[in-house]
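S.K.: Given the structure of chain A, go ahead and fit chain B onto it with the hints provided.
In order, the protein sequence lines correspond to chains A and B. Counting from 1, position 80 in the first sequence corresponds to residue 80 in this note's numbering; the numbering is continuous, with no gaps. One rule links them: number in this note's numbering = place in the second sequence (from 1) + 1000.
Derived from the structure by calculation, the hints contain no laboratory data. Any given hint could turn out to be false.
Stated by the list, open to error - Covered by chain B, according to a simulated footprint, are these stretches of chain A (three or more residues, beta-carbon under 8 Å):
(1) 15-26
(2) 51-60
(3) 80-93
(4) 99-111
To be verified - Every beta carbon over 12 Å from chain A, so not counted as near; a handful from chain B, in silico:
(5) Asp1272
(6) Ala1279
(7) Phe1307
(8) Ala1341
(9) Asp1351
(10) Phe1376
(11) Val1415
(12) Asn1422
Only a predicted model underlies this, so the values are computations on that prediction, with no experimental measurement involved. Note that beta-carbon positions come from the ideal geometry of N, C-alpha and C, so glycine has one too.
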Amino acid sequence: MSGQVADDVRFVVKADYLTTLSSLKAEGFEMCVDLTAVDYLTHPGRNISPEILGQITLERFELVVNLLSLSQRRRVRLRIQIAESGAVIDSAFDLYPGTEAMEREVFDMFGIRFDGHPDLTRILMPEDWQGHPLRKDYSQGAIPVQFKGAAS
Amino acid sequence: MTATENLTNSSSEETAVITAANTSEGRQELQLRENISTKEILRGSGAVLRMSESEVAALAGIQSDDQTMIINMGPQHPSTHGVLRLMLELSGETVLRCKPIIGYLHTGMEKTGESLTFMQGGTNVTRMDYASPLNNELVFAMTTEKLLGIDQDIPERAVWIRMLLSELNRISSHLLFLATNGMDIGAVSMMLYGFREREEVLRFFQKVTGLRMNHNFIRPGGVAADLPAGWRDEVMNLLESLPTRLAEYEILMTGQPIWRERLQGVGVITRDEAIALSATGPILRSTGLSWDLRRDMPYLRYDKVEFDVIVGSYGDAFDRYSIRLNEIRESMRIVQQVLDAMPQGDYRIQDKKVTPPPRGRIDESMEALIHHFKIFTEGFRVPEGEAYVAIESPRGEIACYIASDGSPTPYRMHVRAPSFVNIQTMPLMMRGGLVADAVAVISSVDPVLGEVDR
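Just chain A, with the same shape it has in the complex (with noise of 0.2 Å):
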């Protein structure tokens, strides 16, 4: 139905977040247009082809940032894979300021944090909120609502 070509995706190592993206925009792709994660614990294989296998490790935590270069009409969709314990990635606040509310909300919904963020607080959930949301073990349902400030 769209006439778009295959999905650009390219896998990049932690370490090489920042340089990756200061070079893609430096390649025309002005804006971080949506930046999410995905917990792959409970579905850790996720069909990945062999050859990508051999150059990076699949972690629990998985970032998903989409560029769109406006003067191209081009995107492409970066996977970065972020390990469990001590969930810290940099920030891309620095390279697009538009990623402040949506690291925000992955921080929010996963507990990854990210470095150099200026206000990485909750932006969803209550300050007081204990565990996030969208994390795969955090159960559905059944959970006691906090009332913030109850007299129980």
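M.R.: Only chain B this time, still in chain A's reference frame:
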């Protein structure tokens, strides 16, 4: 320890500590200048990348003093379009800093989406941007189809029905914008007119889908039902009545000095700032950049219809108003062409995997009954993989990212909500303006909070 256990333990401790009612959002709120980093102050000015060193130094040096105060606007405020809360630092009536605080409408829809089948997913996503539900359904259906590998096989009629509904939804959404924008600025009669015209479009949706909003009509594989008899006349009536109404709006607002005074030069954003802040839709177009996914990365059959992409030149609230007003006209042009081109044929794909058998077959065939039952209870399986599909919603780029693990429910379903991203432009647009202009800025960003908070 699992998250749930962790939760119960700590909440019992906390209730002992907290006694008084407390509505604080803690560190999410706008902080005093001395408590935050220079970088965050710069973020508020929206100019992280584009300021000279001396300007940065000057801005960082500003300290809070007795002359400024921090006030709350919202979450319950008639002009904040739902439950948006803004904290403003004011010096007199001038806005120095602004921070939107969101999440009051958060219901975990992305988490809910992980337990609904691809068949049921539409009922979930349609409730995100409740002012343009059909575009949400469309992007979800298109992403699912891409994962299934059937995105090229959707019947022509289904594609054109989707285009018809998507454009009519753009019209109804923009009419709602005109209504609420008028109300925010003080043209209350515009609110009544806008809602009146929108209702006429919604009445057509009710005829086609059964519901005024939250239709769940566009589904993976096509649409839920064929267009009802007499649909063409209904659309023609709409197309006939709207131009005179739009001309009335022009008289009521566009040429009116008070209206121009309130909007021109208010909430200005430059092209570089809009791109840096990932703003899309009318906000990006108001800066003069001609970017519309319908034309630049065509989906459905937008490459087969003729329409203009409306752009502004000043990046102010007035440009965003007139862009939306004129996009109604362009959408009507597209709808007219859809009427002429609407092909005959199936309205959903004849692929037994995703399409349930027709009602009549169920009475005759046991297999059809079982098949029907399986599709609606278990759902259909979608191959492993990930897909990202973006379309142009009335508010900008709405996209869906689905990761599938081969089961009938998405492993992860993320919606790139244009309002959520566009809200980031507010602090920049409001900076240096008056409180009254802040209302105009909120309105011109046109956020739908259901989509912001999801």
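S.K.: It remains to establish, for every hint, whether it holds in the given structure.
M.R.: Hint check results:
1. 15-26: violated (count 0)
2. 51-60: violated (count 0)
3. 80-93: It is violated, with 1 qualifying residues against the three required.
4. 99-111: holds (count 6)
5. Asp1272: At roughly 9 Å from the nearest Cβ of chain A, B/Asp1272 sits no farther out than 12 Å, so the non-interface label is violated.
6. Ala1279: 7 Å, violated
7. Phe1307: Its Cβ never comes within 12 Å of chain A, the nearest being 17 Å, so this holds.
8. Ala1341: Given a closest Cβ separation of 16 Å, the condition holds.
9. Asp1351: 14 Å, holds
10. Phe1376: 22 Å, holds
11. Val1415: 9 Å, violated
12. Asn1422: For B/Asn1422, whose nearest Cβ neighbour in chain A is about 10 Å away, the distance does not exceed 12 Å, so it is violated.
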